[in-house]
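Trainee: In case you want the letters, here they are:
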Amino acid sequence: MQHNIKEHFNEDNAIHKLKHFLPSQQALKDFIHHNSLHAFQHMKFYDAIFKASKIFGFQVHLELSEYRAMYKTGRIREDILGKVIGKKKKDVTEWKNKLLNKKYDTINHPRIGQLRRLWKDVYHFDLDNRVHPLLYRILCAFLDQGIAVKGFPVANKSFIESIKELERNNWVSFFKTKRVKQQFLSGDYSITALLKRIAGKEEYFEQYLFDQQFAHHGWSGFTSAVEDNPQTLLDKKLITLKELAEFELLMELDALTHQFGNNWQPITNHVTVPPLDLLADEPRTEFSEVIELWQDAFEWSYYDSVLKGILIAKPKPLSKEESFAAIFCIDEREDSIRRHIEAVDKNCETFGAPGFFGVEFYFQQEGSKFYDKLCPAPVTPKYLIKEYNAGEIRKGEPLYTKHTHGILTGFFLSLTYGFWALGKKMQMMFSPKMSPAISNAYGHMDRQSALTIENKSTADVENGLQIGYTIDEMTARAEGFLRGIGMINNFAPIVYIVAHGSSSANNPHHGAHDCGACSGRPGATNARVQAFILNHKKVRAALGSKGIVIPDSTQFVGSMHDTAADVIGYYDEEILNKENAERHLQNKQNFETALNLNAKERSRRFASINTKQRLEHVRQAIHERSVSLFEPRPELGHGTNTLAIIGRRQTTKGLFLDRRAFLNSYDYSTDPEGNILTAVMRPIGLVCGGINLEYYFSRVDNIKMGAGTKLPHNVMGLFGVANSSDGDLRPGLPWQMIEVHDPVRLLVIVEHRPEIVLKAIQSSEEVFEWYKNEWVHIVALHPGEKQFYYFCNGAFERYDPITDAKEIGTIHNMEEFIEGAEEMETNHIVHATEENLPVYLLD
Amino acid sequence: MNQLEKILSQSITLFFIVPLAAFLLTQFFDNKKEKITGTIVRIAKVFYMLAAISFAIGWGVNGFSPISFKLVTLYQTEHFVFAINFHYDKITAVFSIVGSLIFFLVATFSKYYMHRDEGYKRYFSIILLFAAGYNFIIFSGNFETLFIGWETKGLCSFLLIAFYRNRYLPVKNAFKTISYYRISDVAMMLVMWMMHHLTHQNISFTQLGEAKEIAEQTNHTGMAVFIMSMLLLAAFIKSAQVPFTSWLPRAMEGPTSSSAIFYGSLSVHVGVFVLLRTYPFWQDMLWVKILVISIGALTAIIATLIARVQPTVKTQIAYSSAAQIGIIFIEVALGLHWLALIHFAGNAFLRTYQLLVSPSFLNYLVHHQYFHYHTQQEKPVGRLRTGLYMLGIKEWNMDALMYKYVWSPFKWIGRKLNPLQNQAAVILFAILALASLYFSHSKAGFITENKTILSVIMLSLALLSVLFAFTYRGSALKAWIYIFISHLFIFSGLLRNSTDVHAAEGMFYNIGITAAFLLGLFCLITTKKADNHISLNQFHGYVYEQKPTALLFLVSAIAMLGFPITTAFIGIDVFFTYVNSDQWLLITLLALCFIFIELSAIRIYLRIYCGPHKKLNHPVAFRSS
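Each protein sequence line maps, in turn, to chains H and V. Its first residue numbered 1, the first sequence is counted upward by one per residue in our numbering. Its first residue numbered 844, the second sequence is counted upward by one per residue in our numbering.
Heads up, a few of these hints could be off.
In silico lysine to any residue, SDA-like type, Cα no more than 20 Å apart, as pairs [said to hold, decoys possible]:
#1 H:K120 to H:L276
#2 V:K1457 to H:G146
#3 H:K120 to V:W1255
#4 V:K1390 to V:L1280
#5 H:K120 to V:R1466
#6 H:K395 to V:K1390
#7 V:K1222 to H:G146
The hints are simulated quantities; they were obtained by calculation from the structure and are not laboratory data. These numbers were taken from a predicted model, which means no experiment stands behind them.
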């Protein structure tokens, strides 16, 4: 990665390097969480973030004053701070004094942008102002997926070729000067040649290019993402980052020529300093060490009490006569619903598994012209499952018609629809309800429809994808799924597979609320498919031969939890036999009660809902939020996620974790050698760590790494948002999603012997990188010793929580406890983090 | 006047007092006290809606006859009357009901939408002030009253565009918008000026018909042409007609809900209101009708051509709204006033709705794509089609043209005035200004016979001072001083120009401006203490660390330009009348001075207090975001 300034400039290498550092967020419909600083993941966490900060000017941690304020409020614990300092520094008193009192110059002048700002300093010429607005417009128009009434006139050609087609023989031009237009049309240019004219000396080329592209990292990042994943746009567009850089250089040349004629020189002719090595490592400063200690202390102030809680929580005895089992997604939002359903029905058992439930495929909704990938993002499925016999066809919303933008149609529609819009506004304010304009979690698949799950013949292929699974393929997936969560015997009469999705209104980021393991979509289809497979007689027979015997009386039911509206919908209920149908009726009622309680628990964070109302009213209010166009926080997404616990439900069942833990069921006793664990651990870093770090960075610098407040957002081309009409695209999470989040790294807790855990995370370099470089913490809970081991500097070492057992409170009455929890005073971090509750024991 | 009419007239004031009182009340509470702000707004919005509807009913019961009412005379001499007059008829009725409904809905929407925004209180304060300003406009019975609302509304627009004031783009676009608005403000001042000379009094809107007759009888059609040109300019700018349309999409920088109430609906239709209100004056002027119809039609066509190629939701709505307003202008000119009013209401409701739900277009249209997508076929593209497409993407160059032909020349002059930055020049100009003030005041002088030349010289100096301030990139203090010097020159020039200036009027003008100047000076000096650097070459974003000073400076800046918060407001209005209707050079200079005084003062506010905060010890937004 070391950048050698002596080597010759090679434009392809430079573009390749650029792509590595640009944000990689795809179109918002495919919201997939990832580490915002993925380009630095090969480095240790702290080295990486401070380096990124120096290069790009990102804020990568809370402000010093904020850590200090949290220490004053007790949110960062004194004993933990002492322990953290003691671990990394010799002189504890001295360092503690530095942390608490010393003044630091916290101003950060980034390396990026130093070269190109000379246009302003030397020529008093605002090059960005001249180039950016039109450049964004052209880019957005080219990539537009269907906002414009008249779309881009040239189809199926690359970006540059399309613009050329427009410019050729035209009476209008995007260029201001004939000379540059001619040069563009003749094709007689290259990045290197253009840089020579604009930037001048070769050794500055790369710096110039980085400056230029990072002046609008949103658009450049998206261009690069489309280049790498063209399928993120349904209406495919051919564009490369190289084309963008070429075109931008031409526009710069055009602007400069237009302004100065020939009276200007390449910018580096005015430079007196040598080229900056943008990507050079940044030596750590005392300030950065102080921040490191504060951040560690902030993290361990919570972790330590959780670990203690796990040690002292009394495991609840398993019921002999299980009423039902329910497998939820590992998503931390399902922590609370699991807790509540277990409280309502003491005889049920819950599990957690990644929400694609072990079945990876493309899904095609009936009538849809595209496939949706329903599995984790890095997986490329070979299967297609199609919906048929859907009862309901998607309705339109007349007021969203584009005819309001025509002259005459606009005239008639404003005279008619205009007044209807008034009525609609009244209705949306005072009686919000589901409509086609609202993202409906259940809208992706009709509840009455059928699916092509079972493959009829392996020749049954569409666009290179096999339609449905063969029996063998089904069996393999069923086995992997059941073994992963340790459900291999003692089957309950009904096993619910509960996917999740999220309904929300007026929310371009709705994809970020859906299931991450299903590439940012509701997982209902996966639940239905896995339930179908596990109910399949031939599959069961095959499973039996592999030692997993599912009794005939056991039936699987697919369903989905809407995490915003707090509703559960069930699929294929008609397959239940008589006894199970009766049980199901009872279970449904229990789920309803649990959902009421879940709504109440969530409502404590919503100022507009009175938590102390009757349960049904709270639930109604929660439901209305999800269909309210005026509500920028239909739910809080993954905000507050902190823990990932891989182990039996028994280890966490007695704990109140405040919806902060990803819970992945795994039974060490069924996997003494850790073979299953390796598979279980594979997605944890990528999925949970990715979510956690995206929240972390969007929280600490919401303005640059997050999308900022969503209130002024303008939808661009159906793939992104920007502020206003002339703004850069805004990747990352909006303020309204992260304001409750405590920016701490994920702590993964695995219930197995340390050496087995080590083997599992070392299974591949990509997996190991997360832990080795401390982007994610990991602790092994030794099942025999009941002892924690923390992974540090390449090895697991014993960790004894210092939290006193007496410091961990006990919840006797959940409803009263929720009502008593305080709401944040403001969304400043010091206040916001007080809303997040510590760990409690459950009575 | 019967009993009912009396009650109605008396109660008109409530339309301003209630939102203004609510505005003032919100100032006393902390931003995090959302419940209190919410309650104040709820009372105001419910009152406003009920009042608007019951007032219309009362007016109907009274027989739909227009109600006119003089509230108070603020200042009066034998030749000048500054009175607050109200007028209510069908036009006011429609604008009032539509306004109150939209205000009610948007305020309700925002209560949830704005939750926990750091500018929660600021947002509601501004929209309350806007409500008062809007009502001043639509209930106004004369130009003076309308102008109070006109300026208030402009200020509120500006504040909401620059709502996210620590980012670059909102600040840039707020300045862009206010520079358009300022032209329309000054155009409105010129309307008042000429109307005064035409009728020799401060006429109310009910007298517009008479004013027209006076113009015809006294053969002063030139005056009428001037009045109408300025009035149309003011209306076209405020309603974003061609060639001024490009400010509209750029104004959508604030929270979506504020864009909805301002640029989707109420604010942008004010031009329509003005044309409807002044219709009796121009109903027989064929050329005005032709011009309004032409501009309206041109806007309808061009804005539609732009709207249909826009790839972003809000700009698309902005342009199609402007296109419909073009059609409404045509309806007004054709005398189809009921149609125009209904069309206004429909367009306002529709665009507010579209803007409020604009984020949901992403999900809705992506879904639409899933089911209705057709692969685009490669086909030869015609020159006309691609040309129009590209023009649309470039917004017909309107933005660049405005810059090139309107602002660039003045910037060029300003930059040539660089020598004024010398300490000696500042002192010289200050002495010169004070001297001319003294001589003008004492009416002493060497060339008493030709007062116009002296006045022209003084106003030229005023313009030069302010143009320097407008383009200067050095110390904000110097720029601020030059603005004040400019005011002194204006004052003495106008004093010199007339023989019968009342002492009180001079006092009004002077006290207001001097107080504003001193307050601004105090703020800038306070800010300078922070790190001794307040050059206008960059944005400093001091509002991040000095909120109260920033607010005070804003107050002083708007006072400096004669915003109706100091006596200077009346003083400036009266002083305009001291320029005779045939002194074209003088009035041009004066108008330009008033345009650039505001822009220079606002520029200082934006550069020193807004924009990305210069200290990078906390997250500061990228310029492009």
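Trainee: If a hint holds in the structure, say so; if it does not, say that too.
Mentor: Results for each hint:
no.	hint	verdict
1	H:K120 to H:L276	holds (19 Å)
2	V:K1457 to H:G146	violated (39 Å)
3	H:K120 to V:W1255	holds (17 Å)
4	V:K1390 to V:L1280	violated (36 Å)
5	H:K120 to V:R1466	holds (14 Å)
6	H:K395 to V:K1390	violated (50 Å)
7	V:K1222 to H:G146	holds (19 Å)
Hint violations for this structure: numbers 2, 4, 6, all remaining hints satisfied.
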